[in-house]
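Construct all of the structure, not just a fragment, from the sequences and the given hints.
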Amino acid sequence: MDTNQATQWIADLGQQLGIGELALNEDGVCTLSIDDGRWLVIIGYHPSEGGLRLMICVDDLIPDAGQLAELMTAHFAWRESAGTTFALAPGSGALVLQRQVSDVQLAAIDLADTVALLVDCAEAWTARLTAAPEPAATDEAPVDARVWGSLA
Numbered sequence: 166m167d168t169n170q171a172t173q174w175i176a177d178l179g180q181q182l183g184i185g186e187l188a189l190n191e192d193g194v195c196t197l198s199i200d201d202g203r204w205l206v207i208i209g210y211h212p213s214e215g216g217l218r219l220m221i222c223v224d225d226l227i228p229d230a231g232q233l234a235e236l237m238t239a240h241f242a243w244r245e246s247a248g249t250t251f252a253l254a255p256g257s258g259a260l261v262l263q264r265q266v267s268d269v270q271l272a273a274i275d276l277a278d279t280v281a282l283l284v285d286c287a288e289a290w291t292a293r294l295t296a297a298p299e300p301a302a303t304d305e306a307p308v309d310a311r312v313w314g315s316l317a
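Mind the numbering: the sequence shown is residues 166 to 317 in the numbering used here, read in order.
Treat the hints as calculated values from the structure; they're not laboratory data.
Careful, some of the hints might be misleading.
[Said to hold, decoys possible] Simulated restraints on C-beta separations: (1) Ala277 / Thr250: 18 to 24 Å; (2) Asp167 / Asp201: 31 to 37 Å; (3) Thr168 / Ala292: 34 to 40 Å.
Backbone N, C-alpha and C define an ideal beta-carbon position, used for all residues, glycine too.
Here is the structure:
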């Protein structure tokens with residue numbers, strides 16, 4: 166993918182989303198605000214990488230050790246990440262979800278669908294990691310009321 170192709174993919178995305186003129190800035194980046202600003206999708210073009218990189222930083226989610234293990238397990242062969250990679254933001258440690266796409270991949274699934282997949286993945290993992298933990302199972306055997314009843 167060259168700069169002209171990247172520029173065209175971004176312009177087409179703006180048209181598909183009904184926001185008109187969407188373009189990369191001088192640094193090769195544009196930002197989309199999704200769901201009233203809940204998600205900021207950053208799309209960047211880097212000529213040396215030959216594609217577009219999409220990222221969402223979940224600023225309010227800093228995974229603990231158990232959650233990191235869960236993320237890395239889910240990331241194995243992208244089984245539970247839908248092709249999204251997980252990282253931690255330098256400095257803050259916040260969860261970052263990323264997708265790298267080439268022009269060949271975008272010919273099969275367009276950029277709007279790729280953005281939607283990334284947002285869906287961010288929503289699902291945010292819900293999963295912020296859900297209240299399930300109560301731990303106890304090793305205690307159930308009490309037989311007939312036994313205790315005879316002691317009363």
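Taking the hints in turn, this is what the structure says about them:
The hinted range of 18 to 24 Å is satisfied by Ala277 and Thr250, whose Cβ atoms lie roughly 20 Å apart. The hinted window of 31 to 37 Å between Asp167 and Asp201 holds, with their beta carbons roughly 34 Å apart. About 37 Å separates the C-beta atoms of Thr168 and Ala292, a value consistent with the hinted range of 34 to 40 Å.
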